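Undergrad: Each chain, letter by letter, is given below.
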Amino acid sequence: MTAPDGAALGGVRVLELTDESADYCGRLLAGLGADVVKAEPPGGSAARSVGPFLDDRPGSDRSLAFWADNVGKRSIVVEDDEEVLTLATAADVVVHTLRPAEAAARGLTYEELSGRRPGLIVCAVTPFGQDGPWADYLADDLVLMALGGSMAGCGYGPGPDGTYDTAPLAALGDQAWRTASTYAAIAVLAALVWRDGSESKTGPRGQFIDVSGHECSASMTEWHLMTYLCSGEPYRRGPHPTLTAGDGRLVAALTPDFLGPHVFRRMLEMLEAEDVAGALSDPAFADPGHRAENYGEVWRALKRLAQKHTAEELYRLGQSAGLPWGVIRAPDEVLADAHLAARGHFVDVGAPLLDRTVPYPGAPFVASRSTWVMDRPPPRLGEHDDEVRADWCAP
Amino acid sequence: MALTGLRILDFTRLGFGAQATLICGCLGADVIRVESTRHPDPIRVMPPFVPEPGGRGEGFGAATLAHATGAASANRGGIFYKYNTGGKRSITVDARHPKGLGLLKDLVSVSDVVTESFAAGTLERWGLGYDVLREIRPEIIYVSMCGFGHTGPDSSHVTMGPTAQALTGLTFLVGLPDRAPAGWSFSYLDHVGGYLGAVAILAGLLHRRKTGEGQHLDVSQLEPATALSGALLLDSILNNRPNRRPDFPTGNRRRYPPTAPGGAYRAAGSDNWVVISCRTEAQWEALVAVMGRPPWTADPRFGSLAGRFEHADKLDELIGTWTAGRDRYEVMDILQGAGVPAGVVQDAADRLERDPQLAARGHFTPLSNGEVGPLPLEGVPFRMSATPPRTGGFIDRGPPLLGGDTTDVLGELLGLSAGEVGALAEEGVLS
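If you're matching them up, the sequences are chains A and B in order. Each residue of the first sequence is one higher than the last, beginning at 1 in my numbering. Each residue of the second sequence is one higher than the last, beginning at 1 in my numbering.
Isolated chain A, as found in the complex (with noise of 0.2 angstroms):
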């Protein structure tokens, strides 16, 4: 593969033994403009048979959990683990998800894997990390989102008398897993800058990088840590505030007052404009003390409103007064954001088995000099060992 000049990654060959855990990691390298190879077993890797799949029949090449995180990357098959440390030596960078007894066991551990290609960086990504008491402990991402503190965090909220009937909620789509993808690209990308800084070379600087999937998970509830050291009480899990719309759909409502007083001025004299204030038109409420004490007004009014507007009126009305709402969307009803397709967010790539093309999330952010590469379906199982042979392994 030629790489993209245009691309921050281009030219840095990636060699990828990832399970479903860690997929997306690659995938945001490849975006980068990597040339990210996924070295699989010959019957495929593990991602290949989770669902949903084309049609809702299985098979190596439907499984659309494997096409949404490894588009734009290659497939090699190996025989065997000799010929993925043959692919090694030609690699900048190895991501896997092998457990420190597996790596061992297959002769893959970073000493071997470096010792083959001295400076090369190896990404580990891992439900507990390399060591602890709990290394050797099982993980899905449910494991991981209660662990990490997500779920504690999040569900409905008690009964009138203070007690859950409904058991904390983790979000579906493998979150925790995917922010541990996420820092296993950033720290691969600081390993890449540390490598070719410009300071004077003291040999190959090469490195291993260990990512814990549970400390990934544990970093990242926000204000829920803080609050439990400032306050000595941890967050009882509730949700956010929400109006009903006319139309049945719900919208996200802040009203973010800790801002300052302009917030709630410029909410006032939209709600007046519409008809709906009521008390709130009364000068008291201008101080917060006030308002924190009757909130019930606020929403009463804030209801009235929702009342008269479709879920996309009511969303866009409270932007016009620059609050921070959002109309709740299911995340196929995203495609159709008008504001996202001005950006040139979706992309439309080739689909394994289909003579068509599907649109996949594109570019993460909007870059005016670095090109962000969306051109290659994911890949058929081995559907370029010929290829990748002659571009990594040729004399």
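For the record, the hints were derived by calculation from the structure and aren't laboratory data. Keep in mind that a hint or two might mislead.
What the hints assert, rightly or not - With a straight-line Cα cutoff of 25 angstroms, these simulated SDA-like cross-link-like pairs (lysine to any residue) come out:
hint, chain 1, residue 1, chain 2, residue 2
1, B, LYS210, A, THR371
2, A, LYS308, B, ALA180
3, A, LYS303, A, ALA284
4, A, LYS303, B, ALA180
5, A, LYS308, B, ARG179
6, B, LYS210, A, ASP196
7, B, LYS210, A, THR89
8, B, LYS210, A, TRP392
9, A, LYS308, B, LYS210
10, A, LYS303, B, ARG244
Claimed, not checked - Okay, the calculated beta carbon distance ranges per label pair:
hint, chain 1, residue 1, chain 2, residue 2, range
11, B, GLU124, A, ALA292, 34 to 42 angstroms
12, B, ASP313, A, ALA390, 48 to 56 angstroms
13, B, ARG245, A, GLY59, 23 to 31 angstroms
14, A, ASP385, B, ASN239, 25 to 33 angstroms
15, B, HIS311, A, GLY59, 25 to 33 angstroms
Note that the coordinates shown come from a computational prediction; the quantities given were computed from them, not determined experimentally. Just so you know, even glycine gets a beta-carbon here, dropped at the ideal spot from N, CA and C.
Starting from the known structure of chain A, fit chain B onto it as the hints suggest.
TA: For chain B alone, kept in the frame of chain A given last:
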């Protein structure tokens, strides 16, 4: 450290942008926060507040409804401490004062990266837009991080984490079937947006290394989120299965790959839960053995993964009778010992006080800054063998006091004497 020698002039506020520069600071970059005494970062002055020594702080809760009155010290805002370790330094400079603008331009000339999270157009109004930055230093990497980004029809819209989570489908992914989404109780996308902000900074550096070019990388809080729903878009488009349907989302139940039992089960205590997640026959067999083979486990409905998944409601109820009354950590440990994925639903107190893995890994670093701390703070959750990240950054210190590094930074980088800095302060330039 990996980014030693790199300098970031950092205008970010709140969580999203600050998460990006926190990562770079933990990797060794010199991150110089440019702040204002008159318009402090809201997370400096809003609850929860770090308590005075020996005192008790104040929770977030209802207090968010009222704007902090100004009585609060700008150095006690708790959420600020979440996002501003990494050795960040703080200077206060009034960008609207001509001399302040001059100082900032001088700082741009000795920086590699400029980051900011204001509304689109704010830096331009100050006279620090990308065109100006580029004129000062052509190879500057400018990373903007605002809700909807700098281009597009809705670029004036504002977000906080929950806004972006609603708009990108993530709120929808937390909930039980046939109920309104429960959503997230925190700004997950402040983190994710910040991660991609860090990716943008690092990509900009690697690009510059190859080509010598600087650039503007425009990060919004929306685009980093769209790939987080995995296969749902493809499932909707190719299998004609819209995401919004009565049996979806599925709470804690995972269909891909099918997991049964899979979910959170009540343990001893008032609101204590433990997650169990079996996707193989071997895991189910091990679970049955640990439970002591109660007769119901021989029910033919539970004889295969498909059967267990189909009858998951009944199965969950029965598993719950086993976990009920048992200590949640004991359940986790005994199941893990038998090869069954399981984990306690841990809150913040559990992570700090009861999680032996986070403790053994040194996940929390106690840091102080002269006025506050030591507090157990989090940096980046990964290790690098040759360039270990540090939560206290290159200066190994807690989050900066507002303006606490002004004299040092202006002296070190611009050669100003303490007397010159004092004179600028007198004129109101450093506010």
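Undergrad: Could you run down the list of hints and mark each one as holding or not?
TA: Hints versus structure:
1. B:LYS210 / A:THR371: At roughly 14 angstroms apart (the allowed maximum being 25 angstroms), A:THR371 and B:LYS210 satisfy the hint.
2. A:LYS308 / B:ALA180: It holds: about 20 angstroms lies between the C-alpha atoms, which stays within 25 angstroms.
3. A:LYS303 / A:ALA284: With a Cα-Cα distance of about 21 angstroms, the restraint between A:LYS303 and A:ALA284 holds, given a limit of 25 angstroms.
4. A:LYS303 / B:ALA180: OK: A:LYS303 and B:ALA180 at ~17 angstroms, within 25 angstroms.
5. A:LYS308 / B:ARG179: holds, 23 angstroms
6. B:LYS210 / A:ASP196: holds, 10 angstroms
7. B:LYS210 / A:THR89: The hint holds at about 23 angstroms.
8. B:LYS210 / A:TRP392: Answer holds: B:LYS210 to A:TRP392 is near 22 angstroms, not above 25 angstroms.
9. A:LYS308 / B:LYS210: violated, 55 angstroms
10. A:LYS303 / B:ARG244: Given that 25 angstroms is the threshold and the Cα spacing comes to 24 angstroms, the pair holds.
11. B:GLU124 / A:ALA292: 34 to 42 angstroms: holds, 36 angstroms
12. B:ASP313 / A:ALA390: 48 to 56 angstroms: holds, 54 angstroms
13. B:ARG245 / A:GLY59: 23 to 31 angstroms: holds, 24 angstroms
14. A:ASP385 / B:ASN239: 25 to 33 angstroms: holds, 29 angstroms
15. B:HIS311 / A:GLY59: 25 to 33 angstroms: About 27 angstroms separates the Cβ atoms of B:HIS311 and A:GLY59, which means 25 to 33 angstroms holds.
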